[in-house]
Amino acid sequence: MRPKIFAHRGASDDFAEQSYESYTGAISQNADGFECDVQLTSDNEIICWHDDDTNRLTDKQWLIAKTPMKKILKLEIKDEGNTGRPITFSELLQISIDSGRDLLVETKHPVPTRGLIEKKVLAELKKRKKDIKKSGININIMSFSYFATRRVALTRKFTPVFLVAQAPLIKYVPAEIYGVHIKLLIKKPELIDILHKREKKIYVWTVNEPEDMEFCARNGVAGIITDNPARAKNVLGYS
Numbered sequence: 001m002r003p004k005i006f007a008h009r010g011a012s013d014d015f016a017e018q019s020y021e022s023y024t025g026a027i028s029q030n031a032d033g034f035e036c037d038v039q040l041t042s043d044n045e046i047i048c049w050h051d052d053d054t055n056r057l058t059d060k061q062w063l064i065a066k067t068p069m070k071k072i073l074k075l076e077i078k079d080e081g082n083t084g085r086p087i088t089f090s091e092l093l094q095i096s097i098d099s100g101r102d103l104l105v106e107t108k109h110p111v112p113t114r115g116l117i118e119k120k121v122l123a124e125l126k127k128r129k130k131d132i133k134k135s136g137i138n139i140n141i142m143s144f145s146y147f148a149t150r151r152v153a154l155t156r157k158f159t160p161v162f163l164v165a166q167a168p169l170i171k172y173v174p175a176e177i178y179g180v181h182i183k184l185l186i187k188k189p190e191l192i193d194i195l196h197k198r199e200k201k202i203y204v205w206t207v208n209e210p211e212d213m214e215f216c217a218r219n220g221v222a223g224i225i226t227d228n229p230a231r232a233k234n235v236l237g238y239s
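When you line the sequence shown up against full-length UniProt numbering, it's residues 1 to 239, in that order.
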């Protein structure tokens with residue numbers, strides 16, 4: 001089975017990362033799904049944002065956890081010459097449902113509100129349960145935090161993805177799906193066989209080089225998370 005192509009923070013090579021434009025752009029690049037990072041604002045709303053502050057991508061220096069959603073949504077994202085507007089998790093979920101694209105949701109940790117982010121995400125997904133089921137999309141919640149993935153697993157509603165940047169964690173942290181950095185897999189390709197023998201799925205991030213895309217496809221990973229879905233589709237010969 002061919003790996004699915006996920007747009008990392010949207011089609012972030014060509015659009016401002018994790019903006020509305022980057023996700024609609026990923027649709028035009030025919031990505032199979034989206035990847036996003038989520039955090040809570042000061043009013044406990046879910047925003048799609050990677051960093052814990054706005055410094056890198058805007059002309060403001062605000063902490064996400066101390067800024068209300070209304071203020072964040074007025075910002076302009078500026079990313080290597082590309083601009084765009086911030087997107088809420090609810091809005092991205094609607095785009096996923098409408099377009100029939102799968103969704104990978106990374107909850108960021110550590111954060112001041114601890115496990116509240118998983119509770120909020122799960123509540124939003126529960127609210128949209130009928131629409132999600134009707135659309136046929138698959139949604140996974142990911143984290144580098146084992147405790148976050150356990151919170152998700154205990155609901156028995158969604159399969160969590162444990163994100164791994166160090167090989168020993170694969171041995172000691174149980175999961176059904178592992179998200180593994182491409183550099184780690186290239187350095188230790190034996191991890192692929194280890195996980196496949198345990199009947200585990202592998203999602204790989206962030207895969208931007210053609211030879212790495214081919215490596216992933218050749219070794220039977222389940223998902224490729226890339227900044228450039230169009231390139232991945234072309235390299236792997238997807239229509």
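Do not take every clue at face value.
With a straight-line cut-off of 20 Å between C-alpha atoms, the simulated EDC-like cross-links for lysine to aspartate or glutamate are [what the hints assert, rightly or not]:
hint, residue 1, residue 2
1, K197, E209
2, K108, D43
3, K78, E176
4, K133, D98
5, K130, E91
6, K200, D43
7, K71, E21
8, K201, E214
9, K129, D102
10, K200, E211
11, K4, E124
12, K120, D59
13, K78, D43
14, K171, D212
15, K201, E45
16, K157, E176
17, K126, D102
18, K74, E45
19, K74, D98
20, K119, E21
21, K120, E21
22, K71, E199
23, K233, E209
Source of the hints: derived by calculation from the structure; they are not laboratory data.
Just so it is clear, the structure is predicted and the values come from calculations on it, not from any experiment.
To see whether the hints hold, each was checked on the structure:
1. K197 with E209: violated, 27 Å
2. K108 with D43: Status holds; Cα separation ~17 Å.
3. K78 with E176: Roughly 36 Å between the alpha carbons, so the hint for K78 and E176 is violated.
4. K133 with D98: Holds: K133 and D98 sit about 12 Å apart, inside 20 Å.
5. K130 with E91: holds, 16 Å
6. K200 with D43: Violated, because 37 Å separates the two Cα atoms, which is more than 20 Å.
7. K71 with E21: holds, 19 Å
8. K201 with E214: holds, 17 Å
9. K129 with D102: holds, 14 Å
10. K200 with E211: violated, 23 Å
11. K4 with E124: Given that 20 Å is the threshold and the Cα spacing comes to 24 Å, the pair is violated.
12. K120 with D59: violated, 28 Å
13. K78 with D43: This hinted pair is violated, its Cα atoms lying about 24 Å apart.
14. K171 with D212: Cα-Cα ~24 Å, so violated.
15. K201 with E45: violated, 31 Å
16. K157 with E176: Within the cut-off at roughly 14 Å; holds.
17. K126 with D102: holds, 16 Å
18. K74 with E45: Holds, because 15 Å separates the two Cα atoms, which is no more than 20 Å.
19. K74 with D98: Between K74 and D98 the Cα gap is close to 25 Å, so the pair fails against 20 Å, i.e. violated.
20. K119 with E21: violated, 27 Å
21. K120 with E21: Not satisfied, since the Cα-Cα distance of roughly 24 Å exceeds 20 Å.
22. K71 with E199: Violated - the C-alpha atoms of E199 and K71 are around 45 Å apart, more than 20 Å.
23. K233 with E209: Holds, because 12 Å separates the two Cα atoms, which is no more than 20 Å.
Taken one by one, the earlier hints fail for this structure at numbers 1, 3, 6, 10, 11, 12, 13, 14, 15, 19, 20, 21 and 22, listed in ascending order.
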